[in-house]
Every structure is written in structure tokens, then in C-alpha cells.
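Residue numbers (the UniProt record's numbering), protein chains in the order written: chain A, 1 to 556; chain B, 1 to 556; chain C, 1 to 556.
Rather than coming from a laboratory, the hints here were simulated on the basis of the structure. All values reported here derive from a predicted model rather than from experimental measurement. Each hint should be verified, as a subset may be incorrect.
Identical chains share a label here; the pair holds if one copy fits it or two copies do between them.
[What the hints assert, rightly or not] Cut-off 35 Å, straight-line C-alpha distance, at most; resulting in silico cross-link-like pairs (DSBU-like, lysine-lysine): (1) K326 to K176; (2) K365 to K320; (3) K176 to K365; (4) K153 to K307; (5) K153 to K233; (6) K365 to K326; (7) K365 to K510; (8) K326 to K510; (9) K307 to K176; (10) K153 to K176; (11) K233 to K176; (12) K307 to K365; (13) K326 to K307; (14) K510 to K153; (15) K326 to K504; (16) K320 to K504.
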Amino acid sequence: MKAISLIVLVLLSALVLVSGLASVTEDVELKQCRDLCRDQKQFDEKQQHVCIQRCEDYAREKKEWGGRGESAETDPERRVRECKHQCEQHKRYGEQEREVCRSQCEKEFREGGGRGKKYYYDVEEEGEEQEVFGEGGEREENPYVFRDEHFLKKAESQHGRVDVLQRFTERSELLKGIENFRIGFLEADPQTFISPAHFDADGVLFVAQGRGTFTMIRENRGRTTTSSRSEIKRHSFNIETGDVIRVHAGTPVYVVNKHESQKLVIIKFIRPVNTPGAFEAFHGPGGDNPESFFRAFSPELLEAAFKVDRESLQRIFQQKEGTIIKASQEQIRALTHGEEGGGIWPFGGESSGPFNLFHRRPTHKNNYGQLFEADPNEFEQLDDLDLMVSFANITRGGMAGPFYNSKATKIAYVVDGEGYFEMACPHVSSTRKQGRRGQSTGSSRGSRQGTTYGQVKSRLKRGTVFVVPAGHPVATVASTNNNLQVVCFEVNARDNFKFQLAGKNNVMSKMESQALELGFGVPAREVEQIFRNQNEEFFFPGPEMQRQRRRGHSAV
Amino acid sequence: MKAISLIVLVLLSALVLVSGLASVTEDVELKQCRDLCRDQKQFDEKQQHVCIQRCEDYAREKKEWGGRGESAETDPERRVRECKHQCEQHKRYGEQEREVCRSQCEKEFREGGGRGKKYYYDVEEEGEEQEVFGEGGEREENPYVFRDEHFLKKAESQHGRVDVLQRFTERSELLKGIENFRIGFLEADPQTFISPAHFDADGVLFVAQGRGTFTMIRENRGRTTTSSRSEIKRHSFNIETGDVIRVHAGTPVYVVNKHESQKLVIIKFIRPVNTPGAFEAFHGPGGDNPESFFRAFSPELLEAAFKVDRESLQRIFQQKEGTIIKASQEQIRALTHGEEGGGIWPFGGESSGPFNLFHRRPTHKNNYGQLFEADPNEFEQLDDLDLMVSFANITRGGMAGPFYNSKATKIAYVVDGEGYFEMACPHVSSTRKQGRRGQSTGSSRGSRQGTTYGQVKSRLKRGTVFVVPAGHPVATVASTNNNLQVVCFEVNARDNFKFQLAGKNNVMSKMESQALELGFGVPAREVEQIFRNQNEEFFFPGPEMQRQRRRGHSAV
Amino acid sequence: MKAISLIVLVLLSALVLVSGLASVTEDVELKQCRDLCRDQKQFDEKQQHVCIQRCEDYAREKKEWGGRGESAETDPERRVRECKHQCEQHKRYGEQEREVCRSQCEKEFREGGGRGKKYYYDVEEEGEEQEVFGEGGEREENPYVFRDEHFLKKAESQHGRVDVLQRFTERSELLKGIENFRIGFLEADPQTFISPAHFDADGVLFVAQGRGTFTMIRENRGRTTTSSRSEIKRHSFNIETGDVIRVHAGTPVYVVNKHESQKLVIIKFIRPVNTPGAFEAFHGPGGDNPESFFRAFSPELLEAAFKVDRESLQRIFQQKEGTIIKASQEQIRALTHGEEGGGIWPFGGESSGPFNLFHRRPTHKNNYGQLFEADPNEFEQLDDLDLMVSFANITRGGMAGPFYNSKATKIAYVVDGEGYFEMACPHVSSTRKQGRRGQSTGSSRGSRQGTTYGQVKSRLKRGTVFVVPAGHPVATVASTNNNLQVVCFEVNARDNFKFQLAGKNNVMSKMESQALELGFGVPAREVEQIFRNQNEEFFFPGPEMQRQRRRGHSAV
């Protein structure tokens, strides 16, 4: 029974993946879905029925939501196969990188990627959801979760978009500690050019999807040279999924998405340098939108600066194409082969360029997930930002934690998959059904005695941002139909430590039995049985997977 | 005459100390006091009369205040003697450590310690106080002094209490520079266990009284290891009066007061890491109060994380005892002998453990006081907090300063004794009787010409917190009946320097006579006479002691 | 025609300089001015007429503004000659230092210096100004420029003054990033003494004019000594124009202007250490104004601290002369020859003393200007403030930029000359005549698409402060009658880089032609022609100089 149940789930997951992205009309899609159900020889009648039901539910839901479909130009299945084949060929990859690589293939070619997609489809059994999310899902006072509606459009053209998350402190004073950080999202169509600009902000970019070339105009940082004496030079890097790129404030950058069919998706961590939490893009090339900053100067000043007449000047500041511009094959080719400084990194010998998170050995890895981390102690580029970049790939049905960060605050962006997280928080009131205590005031004032912890719980789907403050215990659960992939920017990261609250190496298992006995007020043996039962570390089978296993066992 | 006067004072001090804490009814206490007066053979009739008068005053005052008496279980005098004997045996101690040790004996066994005690008893002659404190003591606009009513209860049980001082900026915007710091106070009964918790704050703890064992669950900090790769381990330390302990944010800690009769008193310097000035405790073990943070998670999530059923789980999160729990002799013994890592520090070879402030050579020491300092340059643990911890023991009747800190702001907690401090402050208006100028606006705006300085003056007693900003000249005076003992947390301490304004090495004595002449507008000789007359450094005989000496001289 | 035009301008500049400061009645001054015009043999009738007209305009304007004239005691021309002669003798000087030195001679002896002077005289042709400054000069919403009315008087006496610029955030929340910095201005008459004081702020002083002796009372900073253990000592330095002096918070300082006729002018960069953006002076010597901080203490406390009676004490705190005090020749001599530690720096071997910005090799230098920079990486004194101090001397008619700082915010103080600056700013709305876009909201919220840049443009004259945030393109233009001399404090300076937007080494010239083509939307050739035409670097001939050259050419 358990085995069959798992197969159903896997199959349904696959269905959702495929059908959600096929470039077909809804009817054809629905038909395909039904056929797939019937083709499953291992299904009995009831299972086939449930399967077909799901197909219909999905189709209906998609229709209601207005289906922001895209036309895929080629057969996605063939592309996935090719892509996965390339994963195997990658010499630098170990098995875990290959898995991430293959998962990326699925995502890129089957789904088309991007935060624009709004559907969320729970494959859990009916009634389940209610129980999981309490009375009506997440609570309104939860200030830790951000969705599409909390993003501001910074630029949008027919070829892509740039969004920026609202300031954290617009949401809640509880986030004052991270008020100077922002999160951005960039999505560019295949074969496009993202126009040169600089920002009054430091940035760390994570390539969530795609392949391209990233160019910076930078000084050659020497030892102790005065700021305007040294020369500047163009630095170009090939980028791919998993790359992390540090961009210093003020550096002019431009990007090419050189892929023929795949979107380029970049998640940005931003630290403004002028006004806390506020930054702007400064476009040299431009017209009305984006405007060129050169147009803010008087014509006579520009004439003098450039030693040219104003008519010539006016001609070049009339760009009509916006920030993300369709490029020709020839232009792409010229921009992605490098011209200066001996070719494009990593072949040009540049040491301060991007590094790939997936090429690192995972800090935790088992059947239920993998955690990749880039530490500010190891990566000089992250050091002055006091930032760790990490990537958690939680296997479908698995969970990560509960654990807490000793001093870092985690800002997490869901790159792919669905699931939910739970966090214990002394600042929010709790309305859990199981709740046995009164409301906490949310303030640390007055004569309040002791501390109670509210439950912050929220669904996660692609594009959700959630914040986990230091010290707050948290657990993240992947849905049973998809891996949950999350990129995390952990600020205040130097000397941070992840204290685990369950599994091998958990905090309680290190205490003397007398401390447990006194602390918990029950015989030590009882406490120890609980904190020493789980043999996995960091990643565990999630609640649903556990339940299915139990049912499987009970059915046997 | 001078000698006799001193003896009276010393005797009266002793009386107050003893009688204030004896476990007797008020009548018995008063009788004891009177008898002690009569037993002083060296007293003449008038002196005996004054002495007896004091006894009666004290008894009356105690009655009015409702006398929060405690029952001492054994003879305090015997305990003091034993304790002092141990001071002499301590091999690592020099004479100054012995003195502090003996003074601690007095405090611990005679007084019982603790911020709860509210009495304040001036042994100065009548009428004196009025003159010293102006019209009715300290002024209301003084934002630099905090008393019992400015503390918030964080936890209170029958066996102890945890208080936290209100946020500094709740009091005044003038304290904005230290808004991210908090001060805490912990007092635990003998033979108790303070339950495990971690905090979203860095902490530096000063053991003001008592002996115990302090345990942290910590990672083994390596060179450049990624945050979740390294192992965690239990670290236990024996602690005693004068110990300074750095606790990193997120570290689970628990404490045992192993003493049979003595309370454990800890003063905490706290730097929150999430929200400026706000922090919370996170209790793993717990029930309703403190609640266990585990109870904020869904039962099904915990079942999966721990691989146990929810009934077992619910059983262990029902602690009813609160945060500070009475422990049995056996439990205490087990928790204070160490089990992991080769015994308890300092025998276990742990280098990053607590250090004792009193084992250091005092930076200043004479008959009028001693100053112990732990510099962030020397103590790696204090370095990232940019914090100096210091302890001033001002001899009864003595004074420290005037001096100012060049860049550090001092947050001082009175551990024992009474006295007062005076500070020159350009931000508060002055209403001193001697004042010859108008009100300053307290603002730096407008066309105000020049600067005037208000006098901040306030009584100090056990539990008073006072703040001295950088650059502000300050002097602290001990009452004539008790040493004034103050622990200071000096923030922004790196490269701080204490500039002395009187005594040897004072700032003015380093200036050319022409500079003094021009600056003061009187002949240099006059200025030099004043700034070069005092031969002591940092600690001086205080005003009352000086007056008595003068009277002594004039009587001779 | 071009040559003549230039001569007129130079002559008129000289006229303005001389007449503006001569110690004569307005009629005599006007007569002198007219005579000078007539003496110019190379002028034709029309030129003489224009010249005389200017004299009359100037005299009228001066009368209306109430002419804050001063009496010069000696012949300024002779003094200028002597001063310039000394410039030639200075052995350490290269040619560029000599030029600055000679320019300082002009300024110091002809003008008398100081922010007090309010006149501004444009020698540009009629109608010109309107075009340059748009409809009525700078816009009200410009929060980046500060003039005399934004300074607060801190101290003023008959011998000098101390002003402090208002807090930056009083003007605009856009300046929140620099809210903890302040700018101060000190001007002291010849042969004066600035009385000892310390501040609860770090300071960096730039000597804009004059010669004197600067004294600090400082500890001898050792390796890791505890703050109150080390000794203090007097350190005296000779200072001259161009010197940069770091003063640590709390350090008592006093200054002598030893020059016989020249004012001492110091521009101060201030970083408060207690309350963000707020600081105070603490005067030891003093009476009512400035008050001595000693007077805030109780007489009995001071008696005890100094071991003297209160009558002696009261005598020395009665200073009536204020902060800036006239000194006798003998006092000056004694204070400027050093007594302690083997003479006055640089002869006393002090390594952490002032350094002179003009003794450094300029980072940029051509016919149109020079830029001197002191980098926090090179100068340990600036390192903990993360501050660069720089000095731009823009030749009359020349311009600097456009360029932008990658991460530093520049706070600039106009030391001498006139001109204007233009800056592209995404935060202010633009009302330029040429404007082709709507108002930007000034906020980064809502569904605003893309970014537009407002023009910030403002006249500059002696005493103007202007702020240029990181990333903001800016150009500064000197008037055609005077060099524009600006001292800049650049905060957040570590690893800052100046990206140039025109001239050799400009950012666009480093991009591939395909990037330019795509970015600008026109053929690469057109863009390259514009960005590669200017051969100079950083400093260029300004708009007016260019126009005159063109006219000169067209006339030929």
C-alpha cells in the first residue's frame, strides 16, 4: 500500500510538471493528462480514478486563473533529455551536482521558470490542507512572508522584467535589523541584452536559471592605490545556474542571456550604500525609459565634457527599447566571446569572479535533502557584506530542521517547488487550534511574565520570500510532489552557527541527564528517548512521508 | 577627634550591615544594635548616644518600609569568618584580591545580597544631605539614572528572578547611542538550577556574588569552517564572584547555583542581534511558563522530526517549575563535576572560558579605591563587542575622578554600597543653587552661543544603573559607611582613554603655563597651584572625609 | 577676439579681488577700480567702458549688501609678493605645490579669507546667467546644497567665530546615510589663542588658510595597554595651509594663530561618538561663556578633588574673554616653540601628526585643474573613520567631471572661488526647460516604471557646502574669473573608485561596440565618436571657455 501510494504521488508530480508547461491548449493538455493516468499499468481502478480527477481539477483551476501560458518553440521532452545528458558530461560535477543539474533541466525546459507563474497545486489528499494550515492558512499578522504582491516593478518590457521586494520595514518594525537589505528578481527572455547600468548599492547575484555572459567595468584593484589613479577594464564572465556573483556598488554591469530558448533568472541580494534600504539604477545608455542620466546635465556642460556639438549628443540618448533588449545572433556571439583581457572567465584567469554554489561539497546531504553553503570566511567577496549564501534542495516529502541560526538572519527565496515552513516566534500572537495559552502582546514591555511562542506558518511556492531571524527555531517542509529549492541570503553571518534541534547532533542530546531532568521536569530517560530517536541529521522524512510510511506499515 | 570620628563611622557601618540582615524580629534587632553601641568601650557618652540614636532611626525606617526580611539559616558571623579565612588561603590572590574577597564575604554572608533590598541609610550628620543633594535630591530631567522601577520582570519564581532594564531610548533620545544595549539582572536561590535557554542576543555576564557552574552548548569554533559542518559540545565552567563570561548569541546555556546558602547574582550586558534593543529568551525545555518553543510547531512536524509519537512528545513539554528550579544535592553534584571534555574549566584546559576581573592587577589602586579593567584589546571575547568591563571599588569616604572617557560610554551598575555621582552635562538644564546662568535649552539648535553645563547628580545604592556618555566629566563618591562597588560596561571601548581632571597626571597639568594663563584668564601660577596640589591619582579622599580631616586638624 | 576676451576676464577678476578687500571707502575703491580700467593700454574704448561699468555695478552691489569691510593694516600687494617669494623658496615643493601656494598668497593677503564674505560677482556676459541657471537659479527642493543660513553659531567673539552646519537630516531624509557627520568652520584673527577644549566627537581638520600651532594632550598609545594605565603628554604641531589633522574624540586641543596679519581658517569634519549627529564642546578653562565644566561640580567635591579651598577655585573659573582670545607676542612665542618632547613637529619626530595634502602628488593634473587625495588606505589616521580627504583646484573656466564615486558620499566645502555644479539625481523632480519627462515622485514605491533623473544645479561660492551621494554623476565648473577650490570629505571611502563618464578612461569607452549599439540603440560608431573625442582626463575646459574658444575660432 505504501509503495503504491508513493508511485501515485510521483506520477502526479510528473503530470503536474509536464502538463503545467506543455505548449498545448487546455483540452489537449487535459487529454494528455488523462491518457497518462490510464497508461499507468500499476494503477488499480480507484487509483486511476483519483489520477484522472486530479487532471480535471488542475485543468479547471488553470482555466480560472487565466493561465499565463507561453508558447514553447520546441519539444520540451527532447530538450530535457539533451540537458540531462550534458549534466552527465560535466567533468567537474560529483553526483550531488548532477542531481541539481538534472533537476534544473526539468525546471528550465519543462516549466519555463520564473516568478510570473502563479499556480500552486496541492497533491495532498482532501481535508489535509485544512489541518495543516489551521483555520484559513497563514495568519495576517505574520510579517515574515512576502509574495508577488509585495514586489515592486522596477522595469518591465516585452522581453523581461526587474522586480524589487518592498522594504522590510514597510512590513514590520520587527524587521528593523535587516532594513538596509533588499531582494531583487530579474527575468530576461532568451537572446536578450540587459542594458548597462550601475547602482548605488552592493549586490550579490544568484543565477537561479539560465546561461549567459556577465560583464562588469571595474578598476584593477591594487593594494593601496588612491581611488582615481588606477585604470578601469572590462571583465566578462560566463555564468550558469548556481553561480554567485558579487557586484560592488557603482560598478557598471550588463548581461547577455545567450541561451536560445531558456530564460535567465537572477535573484539579487542588495545592500544600498547611500540611504538605508533605498537604491536606484543609473543608466548611461538610455532614452526616456530608462532615461540616460546624461540627460540630467545641461547641453552646454555635455558639449564641453565630450568636446562635441549638442546635435550629436541628442542623437545618442533616444533609446526606445527599454532595459532588456532583443539581440541578434551576431551581437550575442560578439558579446559572449570576450575581447579584452584574454577571454572570458574562467579561461581568462580572473580570481575574483563568480563561484558556483553547486560545485561545493554539501554541508549536509542525505536522502531527504542537500545543503550547499558559501561562507563569508571562505569567500572574500562575501566577507565585507558579512553574508552567507546557501542553497537548500529539500527532496519531495522531506523536511529541513527544526534548527536555528545563532546570529544570522536568513532571507530565503523559493527558487522552485512547493511546501511550507513553521517557525517559533516570541513576537507574534498565536491562534493555533492546539493553543493552550493567552495572547502574547507582541511587545516586551510591562509586567509580562515569561515568554510564549507564536507559530508562524506559511505556504511556500516559487517566488515566495521568507525571513527567519536569528535564534528563531524553524523547519521547512517540501511538498510531496516536488523538491523544494530555496536560495538563502544569511546576513550577519560571520561566526554564525546552525544549532540543530532534532536528529543527530541536536542541542538537547548534549546536555547531562540531570539538566534534562530538571529542565523538562520528567525523568531524563523519557527526554533522552525523544531526542535520541532520530538518526538522520538536518534533513528528515517530512510529516506526510512519515504518515504514508506508517500507513504503509499498518497496511502490511 | 578625627580618629574617634572615624571609629564611630566604622562602627555604625558595621551595625547597619549586621542589623540590616539579621534574621530577627525588629525588636530583637534594635536591642542588639543598642547593645553593640554600649559595648564599644572607646565611645564616650555622647558617642554612645549618637550610636543608639542611629539604631532607633534605622529600626523606625525599616518598619515604615515594610522590611523585606529574609530568614538566615545560620550564624552570619561564623560564615563571614570562615569565608575570610578562605580568602587568605587562596594561593593566586595578591593583597588587593584578598581585600575584594573579604569584602565579598561581608556582603554575601551578612547581607544576603540582591537588588531586592531597598534601604538606603545615610550616616552623614543631619542637615548634610540637604546641602549635598540640593532641593530634594536628583532632578527629574536626569535621564542618566535608572532604579528598581525602571526594570522589567522577565521571569520570577519562588527561587529567583530575572529582570531587564527598560530600553535606554525609552527614557531619552540622549541615549540613542546605546539604544542597542540592555542590562539584565539575575538572582537565584542557593541550590537551584536555571533552565536551559538561548537568546537572540550576545551577552557578557559578570558574577557579582556567588559560586556555581555555568554550562554552554557550543560548536568547536575552527578556522574557516562552514556554519553547519562542525560539531557541538558541552562546555562547563566553575564560576565565582568577579568572573566575566562571554556568551555568544544563540548559545544554549544553563547555570547551577551550587552554594548551600548564598544567592547567585549575575549582572548581564546584552546586545541583541535581531532588532535593535529587543531580545527574547528561547526555552527548549518548558511547559506553559516558560513555554517550550517546541510547542509552537505542529504535532505532525515534531513527530516527523523526532520520529516519535505525539503522546510521548506532549508528556515532556509540561514543565511546571518555571525557569529557576530547586535542585537536589545529587543533581547539583552531578551537574557541577563535569562529564564531557575532561572536567570543568579551569581544569579542563578551556581557553575561551570566563576570566576573573579581580585576578588582574588593578590599573589604579591607593587607599581610596581600586580599579580593575578588562580591555577589549586584551580579551578576545570582548573584542567584537568593543566592550570594556571594569570594576571600581571605592573605599568608604573615598571618591573616583573627576575624569572622562575619551570615546566610550559607561553603563554602570552599583553592586554594593551607597554614595552619589556628579556629572557635567551640556544637555540638561541646571538648577543648582550656586547656578549663575540661565536654562540651557537642551538642544544644540538655534543661535545659542557657547555651551553651559548642567549638573547631573544622583544617589547611588545597590541596584542603581547610571550612564556616563563619552567626554562627560564625572566623579563618584562613596558614602562614609560602606565601600561603593560598581561594575561598569564601557561600550565603544577600543582605543578609549580615561582623561583625568584632578590629581597626578591631570590634563591641565600638561599644558604650558601660557596656555593656562590665556585659557583661565588669571596668572598661570594660580592655576598651577590648583591643578598640582593633589598628589593622589584617580581615587581621592572624598568631600566628607576631607571635612572630617579638616575638623580633626582644627580640633588638634 | 578670443585673446582679448580672456584678458578682460582676467583683469576684471583681479579688480574684483583687489577692490573687494581694499581698506578704503567705497568711493575711493570705485575710483581705483575705474583708474585700473583706464590704465589697461590693451583695452579699446568699448572694453574700457565695459570694465568701468563692472566697477560701478560692483560698487552698487556692495553698498546694497551692507559691505562687511575690514581694515587691512598693511599694503596687501607687498605682502602677496613676499608670500609668493616664500613659495619659490620652499624646498619640498614641486611646481604644483608652488601654484597652490601662490594662489593661497593671493587669497590670504588680498582677500582676508573667511566664510563671512557674502559677495558673489559674476563676470559672465549679460543674459548668460539666465541660461546657465534656468528659471531663477537652483530649485527649492534641492536638499544637497547648504549656504551661510544653514550654519549655526557655536561661538563668536570679537576675535573669531566657530560655526557648525545643521544636521544633514534636518534638511532631508535623503541624507540619512550621512546623518552622523557634521561640518564645522573656525576662523580666528591673527595673534589669537583658541582656548583648550575637548569634544565628544572625532574630528578631521583641514587648514584652509593660515599658519599656527596646534596642541593636543594625548596618551602615548601603546600596543594593548588598558585605558587608564598609560601616561598623557602634550603634542604640538606647526600647521600651515593644506594640513590635515586627525583629532580623536575626547582629546583636549588648543590652537595658536601665530601669524601677524592673516586669519586662521579651519574646516572641520566631525563624527560624534555619543548621539548620532550631536556633539558638544567641553571647556575646562572658562567662565560664563564658555562655561567651565568644572563649575557643574559641587564646590565640596572640587575642594576634595583638588585639595584646595573653594575660594581659590572660584577665582580661576571667571574667564571673561570667550573661546578665541587675543594673545601677546610673548605668549605666542612661548606657545609656538614647544617645551615638551623635543620641539614641535615635524622636528620632534612625531609620526601620527598632521600631513599636508598639497605635498602629495596630484592624482589628476592638467591645465584645467588638479586633484589631491589622501586615501584611508594610506593614512592610518583616516582609516577608522573610513574617510578620504581631497582637494580639487579647478582652473578658472575649467570643469571637473562628469564622474561618480562608486561607494563614497562626498561632502564638499568651497574654500575659494565661484562656479556651479550639476548632478543627476533620481530622487528630485526635474523642472529643466529641456525636460521631456513627467515628475518623478521622489519615492521608490508604487508601480513606477523605470527611473528618471532630475538635475540638481547650484551656484558655488566660498563657504557653500554641497553633498554628492555615491553613484550620482556630477560635474563641477569653475567661473571664468577665479579658480574654484574645494575641499572634500568623502565618507564610506574604503575601496571607493571614481568612475569617469567623459574624457580618457571613461566607462563607455571600455564597452564592446555591440554593447554600445544595443544600449544606445544607434550604430556603435556614432556612440564611439562621442565617447572618444575628449582627450583630457578628469579636468576639462568648461562650457564658457569652450564657447569662447569657438568664438575665437570663428572670429579668426
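Hint-by-hint comparison with the structure:
1. When the C-alpha separation of K326 and K176 is checked against a cutoff of 35 Å, the pair qualifies neither within a copy, at 40 Å, nor between copies, at 39 Å.
2. Taking the shortest alpha-carbon separations for K365 and K320, neither the intra-copy value of 49 Å nor the inter-copy value of 39 Å comes in at or below 35 Å.
3. Within a single copy, K176 and K365 get their C-alpha atoms as close as 34 Å, which meets the 35 Å cut-off; across copies the closest is 44 Å, which misses it.
4. In this assembly of identical chains, the alpha carbons of K153 and K307 never lie at most 35 Å apart, being 37 Å within a copy and 45 Å across copies at closest.
5. When the C-alpha separation of K153 and K233 is checked against a cutoff of 35 Å, the pair qualifies only within one copy, where the shortest distance is 32 Å, while the shortest distance between copies is 48 Å.
6. With identical chains, the CA atoms of K365 and K326 are never at most 35 Å apart, being 41 Å at best within one copy and 42 Å at best between copies.
7. Taking the closest pair of Cα atoms, K365 and K510 come within 35 Å of each other only inside a single copy of the chain (22 Å); across copies the shortest separation is 44 Å, beyond that limit.
8. When the C-alpha separation of K326 and K510 is checked against a cutoff of 35 Å, the pair qualifies only between copies, where the shortest distance is 22 Å, while the shortest distance within a copy is 58 Å.
9. In this homomeric assembly, K307 and K176 never come within 35 Å of each other (Cα to Cα): the closest approach is 48 Å inside a single copy and 37 Å across copies.
10. In this assembly of identical chains, K153 and K176 lie within 35 Å of each other by CA distance both inside one copy and across copies; the values are 23 Å within and 25 Å between.
11. Only between protomers do K233 and K176 lie at most 35 Å apart by alpha-carbon distance; the minimum there is 33 Å, versus 38 Å within a single protomer.
12. Within a single copy, K307 and K365 get their C-alpha atoms only as close as 61 Å, which misses the 35 Å cut-off; across copies the closest is 19 Å, which meets it.
13. In this assembly of identical chains, K326 and K307 lie within 35 Å of each other by CA distance solely inside one copy; the values are 32 Å within and 54 Å between copies.
14. When the C-alpha separation of K510 and K153 is checked against a cutoff of 35 Å, the pair qualifies only between copies, where the shortest distance is 30 Å, while the shortest distance within a copy is 49 Å.
15. Proximity of K326 to K504 under the C-alpha cut-off of 35 Å is restricted to the inter-copy arrangement: shortest distance 30 Å between copies versus 52 Å within a copy.
16. Only between protomers do K320 and K504 lie at most 35 Å apart by alpha-carbon distance; the minimum there is 28 Å, versus 59 Å within a single protomer.
Figure legend: structure checked against the earlier numbered hints; hints not met, in rising order: 1, 2, 4, 6 and 9.
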